[in-house]
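**Student:** Note that the numbering used here gives residue 166 to position 166 of the sequence shown, counting from 1, and the numbers run on in steps of one.
Hints were generated in silico from the structure; no laboratory data involved. Predicted, not measured: the structure shown is a model, and the values here were computed from it. Mixed in with the good hints, there may be bad ones.
Claimed, not checked - Below are the BS3-like pairs computed for lysine-lysine, each with C-alpha atoms no more than 30 angstroms apart in a straight line:
(1) Lys243 - Lys165
(2) Lys243 - Lys95
(3) Lys243 - Lys268
(4) Lys243 - Lys258
(5) Lys268 - Lys119
(6) Lys258 - Lys268
(7) Lys268 - Lys95
(8) Lys119 - Lys95
(9) Lys95 - Lys258
(10) Lys243 - Lys119
(11) Lys119 - Lys258
Unchecked claim - Beta-carbon label-pair distances, calculated as ranges:
(12) Asp168 - Ile287: 43 to 51 angstroms
(13) Lys119 - Gly33: 50 to 58 angstroms
(14) Leu35 - Val286: 45 to 53 angstroms
(15) Leu227 - Tyr162: 27 to 35 angstroms
(16) Gly50 - Gly212: 26 to 34 angstroms
(17) Ala47 - Asp291: 41 to 49 angstroms
(18) Arg171 - Asp291: 37 to 45 angstroms
(19) Thr198 - Arg288: 46 to 54 angstroms
(20) Pro247 - Glu40: 31 to 39 angstroms
(21) Ala161 - Glu40: 15 to 23 angstroms
(22) Lys258 - Arg109: 25 to 33 angstroms
(23) Asp284 - Leu227: 36 to 44 angstroms
(24) Asp291 - Asp175: 42 to 50 angstroms
Just so it is clear, CB atoms sit at the ideal spot from N, CA and C, and this is done for glycine as well.
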Amino acid sequence: MRSAIATLIFVMCVVLLSACRAGPTQIAPDVAGPLPTYEEVYAQAEARVGALDRFWARATVGLRYKDAEGERHYEQGEGHLQFVRPSQVALTIGKLGETYLLLGCDDERFWWIERLNTKRAFVGGQNGARDLAIERVGVPVLPTDLLFLADLVPWPLPGDAYAGKVIDADRDGLDPSAVFAVEFNESGRTRRVYLTRTVFDPVGVDLFSDDGRLIASSELSMHERVLNHIEPTRQQRVPSRMKVDVPSAESRIELNLKDMEISDRRPKAVVFDLDGLIRRFGIDEVIRLEDVRPVAQGDGK
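Turn these sequences into a full structure, and let the hints guide you.
**Tutor:** Below is the structure:
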């Protein structure tokens, strides 16, 4: 009996000594598996947003930007994000049911309506509006770019000249073993969409100019289903939280969406009628983007 007890004590001591010498458990680093094909990722993107031709949602909005005079603003309020693809978009910000900022566009024009200290609307053509809007007016982001940054636009078909290329993710804060990217070469810029390796949900988008300059970036999270009143069996899922940064404009938009839906009832056409909006909101001054004096470097507060 004593011999058996002594043997047991000896074995336990050996085990404890071995554990002490071994040190902390070594965990193998995560290793990214093979990248999916574009066809595989496209199929998921098509199911997610392919039929998202119209959209309406309530939005809580936080907005940092510099106005046409170079003064910095931070605005926060309630509003709506609405669009009818391909080129009608409206983002409104207000409080107590009163709209005081409106970012929008139709097929031809882009506008930024302010109803703060003054009631004015900045208006420009869709073509070439980006630089003028950001440099001269301080618009936080173009409305159509907002859809790209939220990955709410259809992807090009596999085999199309503009089809994307699947690549490893290379972005600060993202783990390439958990996230990959799809890169699209578009007219005048490159778009890079970052997606999870598990379910191919988008977690961010970067827009780059042809010379490699970062135009805008987004972070996307909290993907939720959109209530589809037109095709109830469709399972569209979109990010309900978005953070968009535009470095050149020193601007940021933070959106929290809820009550997202696809419906024939809304958006209503009046949301994209600039002339009607000018009358409805009692705008005193309509300013062409081309006529705005650029703010000198160092101006502003």
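**Student:** A separate judgement is required for each hint: does it hold in the structure or not?
**Tutor:** We went through each hint and held it up to the structure:
Annotation: proposed proximity of Lys243 to Lys165 holds, straight-line Cα distance about 25 angstroms (limit 30 angstroms). This hinted pair checks out: Lys243 and Lys95 have alpha carbons roughly 21 angstroms apart, not beyond 30 angstroms. The hinted pair formed by Lys243 and Lys268 meets the criterion: a straight-line CA distance of about 26 angstroms does not exceed 30 angstroms. For the suggested pair Lys243 and Lys258, the alpha carbons sit about 15 angstroms apart, so the restraint of at most 30 angstroms is met.
In summary, the hint linking Lys268 to Lys119 is supported, as the alpha carbons are separated by about 23 angstroms, within the 30 angstroms threshold. Of the supplied pair hints, the one linking Lys258 and Lys268 holds, its CA atoms being roughly 18 angstroms apart against a limit of 30 angstroms. The suggested pairing of Lys268 with Lys95 holds, with an alpha-carbon distance near 21 angstroms, which does not exceed 30 angstroms. At roughly 16 angstroms between alpha-carbon atoms, Lys119 and Lys95 fall within 30 angstroms of each other, so this suggested pair holds.
Proposed proximity of Lys95 and Lys258 is supported: the alpha carbons are some 17 angstroms apart, at most 30 angstroms. Proposed proximity of Lys243 and Lys119 is supported: the alpha carbons are some 27 angstroms apart, at most 30 angstroms. Pair hint Lys119 plus Lys258 holds up; C-alpha atoms about 29 angstroms apart against a cutoff of 30 angstroms. Roughly 45 angstroms separates the CB atoms of Asp168 and Ile287, a value that falls within the hinted 43 to 51 angstroms.
Between Lys119 and Gly33 the Cβ separation comes to about 56 angstroms, which falls inside the hinted range of 50 to 58 angstroms. Judged by the Cβ atoms, the range 45 to 53 angstroms given for Leu35 and Val286 holds: they are separated by roughly 49 angstroms. Remark: the range hint 27 to 35 angstroms for Leu227 to Tyr162 is upheld by a beta-carbon distance near 31 angstroms. Evaluation of the 26 to 34 angstroms hint for Gly50 and Gly212 yields a pass: the beta carbon distance comes to about 30 angstroms.
Between Ala47 and Asp291, the C-beta spacing of about 45 angstroms keeps the proposed range 41 to 49 angstroms intact. Distance hint for Arg171 and Asp291: a CB-CB separation of about 38 angstroms, consistent with the stated range 37 to 45 angstroms. Under the hint 46 to 54 angstroms, the C-beta atoms of Thr198 and Arg288, about 48 angstroms apart, fit the expected range. One distance hint, 31 to 39 angstroms for the beta-carbon pair Pro247 and Glu40, holds here, with the actual separation near 33 angstroms.
Range check, Ala161 to Glu40: Cβ separation about 20 angstroms, and the 15 to 23 angstroms hint holds. Against the hinted window of 25 to 33 angstroms, the Cβ-Cβ separation of Lys258 and Arg109 comes to about 29 angstroms, which satisfies the hint. A hinted range of 36 to 44 angstroms holds for the C-beta pair Asp284 and Leu227, which are about 39 angstroms apart. In this structure the supplied range 42 to 50 angstroms holds for Asp291 paired with Asp175, their Cβ-Cβ distance being about 47 angstroms.
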